[in-house]
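A.B. asks: Using the sequences and the hints, build the whole thing.
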Amino acid sequence: MNELILINENLFIILSVFASFSTSLISAIFGIGGGIILLSFFASFLPPLAIIPVHAVVQLASNGGRVFLLRNEIHWPILSTFIFGCTIGAFFGGMIILQIPHELIKFFMGLFILWSIYGYLPKFNKKQIFFGSIISCALSVIVGATGAFIAAIVNTFKLPKLNHIATVAFVMMTKHILKICVFIFLGFSFTPYINIIILMIIGGFLGTIIGKKIMYQINETFFRKLLNFVLTLLALRIIIISINDLNIFNI
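Residue numbering for the sequence shown follows the working numbering, beginning at 86 and increasing consecutively.
This list has only true hints and no planted wrong ones.
Here are the simulated PhoX-like pairs of lysine-lysine, each with C-alpha atoms no more than 20 Å apart in a straight line: (1) 297 - 310; (2) 243 - 310; (3) 212 - 243.
None of these hints come from the bench; they were simulated from the model.
C.D. replies: Okay, structure coming up:
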């Protein structure tokens, strides 16, 4: 794997396991945030074509761990619509969105997240969830981490803390399964990365277990405020990066 990473392999393994542990810890506590941090980590050390596929496998395990530990807290009524929409988005939505500048997509996604927190956003109905899940999964294949978008949609239902985290984790797990299928179909080989993926899965599951213990100690009102704060930071990051990539202020 030496030729496939940009730093010493042993150092990369240590950093990767720590990154997987810490980002799973963050996601277990807040429901989101870890995925986009891990994506940024991979972007610094992996070849561009490997970033999103490897990220998908590690995040599948991380979200799968949360789903297993919180399986009794999942809010099932909205999930069938999410899953159906995600399936369409993963395999077909990407072909449509590829015609639109990725930076512009991310810009409006950031605005949507901010609107979902501070503006008037009624509870999503099944039709809106369906189209939202199509867009999210299509984006996920292209840009990697769209957990904040999913969390913003689920957040409109004002579910209790554990139900929110478990439901978002289930949707994200489904998205990553579909993404992996797409990348396998496109011919990506996970074999060169299998050892580091296994170690990161172990580190991520440990982070999830510890994060779950911390999560139970967090007050419901504090959690909602913290969730909105994290969503705001992620949205602002998305907007700033997209503006920079679009060169809006360059003369």
